[in-house]
Amino acid sequence: MRHSLGFYHRVYYIAATESGSSAGSSARDTGSAGGSSAKGGTPKTIESASALSMVRTMGVVAALSGLLIVGTFQLTAERIRLNRVEQLKKAVLAVVPGAETMRVFEVEGRQLRPLDGVPSTPGRRVYAGYDGSGVFRGVAVPAAGMGFADIIRVLYGVDPKKGEVIGYQVLETKETPGLGDKIFKDADFLATFDGLDVRLDASGEALAHPLEIVKPGEGAQGWQIETITGATVSSSAVGRMMQESTARDMPLLARNLDALEGGAP
Amino acid sequence: MSAPATTDAFLKGLWRENPVFVYLLGMCPVLAVSNSVINAVSMGLASTFVLVMSSALVSLLRNFIPKQVRIAAYIMIIATFVTVIDYLIQAISLELYAALGAFIQLIVVNCMILGRAESFASRNPIGPSILDALGTGVGFTVAIFCMGAIREILGNGSFAGIDLFGPHFEPWIVMILPGGGFFVLGALLLGVNALNQRRKAADHG
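Protein chains in written order, with my numbering: chain V, 1 to 265; chain E, 1 to 205.
There's no promise every hint is true.
To be clear about the criterion: a stretch of chain E counts as covered by chain V if any three or more of its residues have a C-beta under 8 Å from a C-beta of chain V, and this derived list gives those stretches [what the hints assert, rightly or not]:
(1) 28 to 34
(2) 67 to 76
(3) 172 to 185
Because the hints were derived from the structure by calculation, they are not lab data. Note that beta-carbon positions come from the ideal geometry of N, C-alpha and C, so glycine has one too.
Start from the sequences, fold in the hints, and give me the full structure.
Set out below in structure tokens:
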């Protein structure tokens, strides 16, 4: 209360100087809380009126702002949701060659559960792609990991029957232009992901050859990812997230192959 | 500041009172999102939208807002239109939204906008206020576009994504990195100031 009294008093003081009173007493006046009654005139009525009008103004402006924002949100919400679905669908169809439609599967422990439509809530999901006649063509799996600048998000397509990576796309990256952006521009690096070997071993619970990250020019095997000169950190980061994601998700996909194959929308 | 002629309210923002080249306002987006023409122009247009809408509303409410809470009220109005343009850009294109990143939300602290609200819109009727905001916004857009064009052409060999020089062009990568923003801004300011001083000398001599 003391504080607010001081505030009103200061307000009154500013009003007074603006109407031409002397400016020399500012330090003394603004410093003293509750001393306003000692000053002459009728400060009390001015204070309460301007305080009320301040509150009223902020209230009206806030209400107006709220109205505008809610209106815009209502108008654009559906469009934004469709944009997101469209963006995801485009990426899925790009990493699963031959696919024309897709179905979202929610990961639930060791099972995959098909969903209708594309949910807007977060969750671990994979996206199965089907061609025009409903034949299963592959699964798009999201992976993410820390790059040089920020988290890199990729989406890669796999054919769980053949045990091969069939497509790769970077969804989100803030890597340095001209250097780290080679993870989606370098032709040799991109070619690695066409036919990368992710077959399972006999138990079906692990990869026969876990992915390996090697130096440029040393990748002789089908399960090795060569880093890029000039983008070592970024390309290693992509390699690592592919390592983790394939080791975790390939057995899962193989286990649920029936559900994936029969999930055509 | 007495009320100037309406056309002058618009024109002064383009050169004589250009927010970027003369007042050095809004440097944060100018340096950060001018690495390509598309980003630069989108940022310029988004800022212009916020500038015009908030100037109009501030001008409409100018007799209603008490002096003591004016800054708080202006910021609230500006933040509202920033939120509006944020949703609109998401609705237009998610790729553009991702490219502009945090800088859309940061329009709210662009001092150019608060500056126009405080020094012009709060003292003038709605017509001149809109023209003043439009002039300043166009001046800002032109400035950030110049930056974007220079940086993209030198740093990436392209203009608005269209390849200009073919595959043998060796891009001057530093130009699209943050450092390049400072180089280009410095060079442009040098040019603008040299031109203005020569003009002034000619007027006096």
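Against the structure, the hints:
| no. | hint | in the structure |
| --- | --- | --- |
| 1 | 28 to 34 | violated (count 0) |
| 2 | 67 to 76 | holds (count 6) |
| 3 | 172 to 185 | holds (count 3) |
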